[in-house]
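Student: Sequence:
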Amino acid sequence: MNNLHSFPLIGKLIGWSKPYLTTLLLAIPLIMHASIVEADEIRPAYLELTQLDNTSFKITWKLPRKETRVLKLSPEFPDNCTKLERIHRVHTASADISHWSIQCDGGLADKTVSIPELANTTTDILIRVQHLNGATQMARLTPVNTSFVIESAAESSNAEVIKVYTLLGIEHILLGFDHLLFVFALLLIIKDRRRLIGAITAFTLAHSITLALASLGIASIALPPVEAVIALSILFLAVEIIHGQKGKVGIAERSPWMVAFIFGLLHGFGFAGALAEIGLPQNAIPLALLFFNVGVELGQLAFVAAVLIAGGISLRWVNLGWISPHSRSQALTLMAYGIGGLSAFWVIERTVSFWA
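Using numbering that gives the first Met the number 0, read the sequence shown as starting at 0 and increasing by one per residue.
Everything labelled a hint here was simulated from the structure, so no lab data went into it. Owing to the predicted nature of the structure, the values given are computational and were not obtained by experimental measurement. Ideal placement from N, C-alpha and C gives every residue a C-beta, glycine not left out. Do not rely on the hints blindly, as some may be mistaken.
When the alpha-carbon atoms are kept at most 27 angstroms apart in a straight line, the in silico DSSO-like pairs for lysine-lysine are as follows [to be verified]:
no. : residue 1 : residue 2
1   : K190      : K245
2   : K110      : K190
3   : K57       : K110
4   : K110      : K82
5   : K57       : K82
6   : K57       : K71
7   : K82       : K71
8   : K110      : K162
9   : K71       : K110
10  : K162      : K57
The calculated label-pair distances, taken between Cβ atoms and stated as ranges, are [claimed, not checked]:
no. : residue 1 : residue 2 : range
11  : N157      : M257      : 19 to 25 angstroms
12  : L286      : M257      : 29 to 35 angstroms
13  : G278      : Q102      : 20 to 26 angstroms
14  : V143      : W354      : 38 to 44 angstroms
15  : N144      : G340      : 37 to 43 angstroms
Turn these sequences into a full structure, and let the hints steer you where they fit.
Tutor: What follows is the structure, given as structure tokens:
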């Protein structure tokens, strides 16, 4: 029996033969491991400054948390600013949120706000300044860009919103190991180009629908159960891969678009949960939502392209005869059980977390 019957699509797309995939399949878990280790830290923090009058601002500072772990970051304001009240802190399952007010003699126009500790992390910080006249300024700080200058009350451009939220969408999907693992498992099951296009389109459409509905407050569902079912969706695909090796045609192989659409609805709620932690600019909600989703799609396509390009490069290894049929069969078995084992662990971990 040919144990790699689920691979032909990938080979057809870039013209390599089946044996090559052993190297790719063995390499991907090692590459992805970095995402697992750093995923908690990479979730972006959020700083909002709302102008109350010519010199006063309300501050909202949101730091992502995982269980008891919270990043040690704090914003530093110019010397002309003083705190007006005690900091009010709220602790949630996903973030520590602080509120306070400051007074800045002469205002904050052309002044610099910085977060020096950001240089020692791998996370980003989304900044939003709401001016008294309703104008909004947005910025994105990174470990190599830890400060920004508050501009005068000019309306933020659409280009700024597009740039910030597209990058956030790309980062979220590329650092979302569970979402990428779901897509990768689909690639191992689907056999032809038409079905691949249909499945990816269905997955995109589905998570776009629920991302929009949840972000706009039209539909809501608790995030912890969603994350558990997302892990369950990956486990389901792992079982389908193993059944395929044994010659059993499962529903994921017969109707990949339907499986991708159904589980894509759940993945969309997961994306919405991440976006809720970041926040949307009140003056440009549709635009920010659209381009966050565009960023997610660009990141997803980049991941698929990277898999295919890596396959083309490794084709030379196949032609040199460095990979045997037995080793490639073992590689698929390893990948199927690896995906299943990891996703089963996630199911248990996430289920326990929301029942605790």
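Student: Each of the hints needs a verdict: does it hold here or not?
Tutor: These are the hints, each one checked on the structure:
1. K190 to K245: Given pair K190, K245 holds - Cα atoms ~16 angstroms apart, limit 27 angstroms.
2. K110 to K190: It is violated: about 57 angstroms lies between the C-alpha atoms, which goes past 27 angstroms.
3. K57 to K110: holds (16 angstroms)
4. K110 to K82: holds (16 angstroms)
5. K57 to K82: Distance ~10 angstroms between K57 and K82 Cα, so the pair holds.
6. K57 to K71: Judged against 27 angstroms, a Cα distance of about 21 angstroms means the pair holds.
7. K82 to K71: holds (20 angstroms)
8. K110 to K162: Holds, because 23 angstroms separates the two Cα atoms, which is no more than 27 angstroms.
9. K71 to K110: Holds, because 24 angstroms separates the two Cα atoms, which is no more than 27 angstroms.
10. K162 to K57: holds (26 angstroms)
11. N157 to M257: 19 to 25 angstroms: violated (37 angstroms)
12. L286 to M257: 29 to 35 angstroms: Since the Cβ atoms of L286 and M257 sit about 32 angstroms apart, the hinted range of 29 to 35 angstroms holds.
13. G278 to Q102: 20 to 26 angstroms: holds (24 angstroms)
14. V143 to W354: 38 to 44 angstroms: For V143 and W354 the Cβ distance comes to about 41 angstroms; the hint holds.
15. N144 to G340: 37 to 43 angstroms: holds (39 angstroms)
Taken one by one, the earlier hints fail for this structure at numbers 2 and 11, listed in ascending order.
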